[in-house]
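Chemist: One-letter residues, chain by chain:
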Amino acid sequence: MNSEENKNSNRDEELVQEYVDNDSKTVNVGAGVRIEGRIDGAEVSDISGTMSGTINSSNINLKSSGIFNGDMSGSDITISGNVEGDINSDQYLIVNQSANIKGTIEYSSLQVSYGAKIQGIIRHKGSVHSYTPNLDPIEKEDKFENQPNDVEEDV
Amino acid sequence: MSIFGSNEKKVEEKTTFNFDIDRENINHSNLAKDIKIHGSIEAKDYIDFDGHITGTVKSSTIHLKPNSYVKGNITGDTITIEGEVDGDIHAKDLHIKSTAKIKGNIRYNNIDIQNGSIINAEFFYSS
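Keeping their order, the protein sequence lines are chains A and B. At position 127 of the first sequence the residue is numbered 209 (the numbering used here), and the sequence of numbers has no breaks. At position 124 of the second sequence the residue is numbered 1619 (the numbering used here), and the sequence of numbers has no breaks.
Check before you lean on any hint, since a few could be wrong.
Unchecked claim - Calculated cross-link-like contacts (lysine-lysine; reagent style DSSO-like; alpha-carbon spacing at most 27 Å):
1) A:Lys184 with B:Lys1596
2) B:Lys1531 with B:Lys1598
3) B:Lys1560 with B:Lys1596
4) B:Lys1598 with A:Lys207
5) B:Lys1560 with B:Lys1528
6) B:Lys1566 with B:Lys1587
7) B:Lys1528 with A:Lys184
8) B:Lys1531 with A:Lys207
9) A:Lys207 with B:Lys1539
10) B:Lys1531 with A:Lys184
11) A:Lys107 with B:Lys1528
Honestly, the hints are just simulated from the structure, not real lab data.
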């Protein structure tokens, strides 16, 4: 997983990784940094720069300067920047005032601050009202079952 | 997180403040818990609703309380939802509280959503 990240990252990002402990499973994309690709198996992903691709991380933090294009899934997600794509949160999704989201949101617990801009479909997970067909949640559960196992092996 | 917390408080203070003013000074319609309406409601100022309605609701300020159920469209400037809505919502300021259940399309200028609400809707933002 880590090697995949390194391939995708710029020199700037490698410098940041030297700084941080290698065991911390943290990805930090600084402001002004552009990254394309896939982040997988990270515990904390802080995005202040521009990213297009996929994030699979238990904690995702898109800062107010952050721009994200693509799909992100995790348990605790905080959005203060721009998102175009899908957001899939297993636990808490917090959308701050400065956020601008276009796309589909799936959530368990959602908090939106006054002033945030959201355009698109919002679905509550496990809701009777849900538009989601029954097959979808099962597929997603499988993905998340695999993820923790990978993390344990790395340790 | 801490920044967010302070924002949330500010919004709540504003809304409660508005309600107090409305109740005392402006025309205020209060529809209690056990009322069931088939048809539409239209008011100029303030609707406080805690019953069931099948039809449309239109007013400048609408407060749907926790026992309320609306099947139909809701249009207003400031809308606070604590109950269940099955239909389209059109609001300038929309406040969705933790007890709310919403299904339908939402058109808004400003929105805030509290933790715990169940929403299955398509959101359209207009500035």
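Chemist: For every hint, state whether the structure bears it out.
Modeler: Results for each hint:
| no. | hint | in the structure |
| --- | --- | --- |
| 1 | A:Lys184 with B:Lys1596 | holds, 22 Å |
| 2 | B:Lys1531 with B:Lys1598 | holds, 20 Å |
| 3 | B:Lys1560 with B:Lys1596 | holds, 12 Å |
| 4 | B:Lys1598 with A:Lys207 | holds, 13 Å |
| 5 | B:Lys1560 with B:Lys1528 | holds, 9 Å |
| 6 | B:Lys1566 with B:Lys1587 | holds, 20 Å |
| 7 | B:Lys1528 with A:Lys184 | violated, 38 Å |
| 8 | B:Lys1531 with A:Lys207 | violated, 31 Å |
| 9 | A:Lys207 with B:Lys1539 | violated, 37 Å |
| 10 | B:Lys1531 with A:Lys184 | violated, 38 Å |
| 11 | A:Lys107 with B:Lys1528 | violated, 52 Å |
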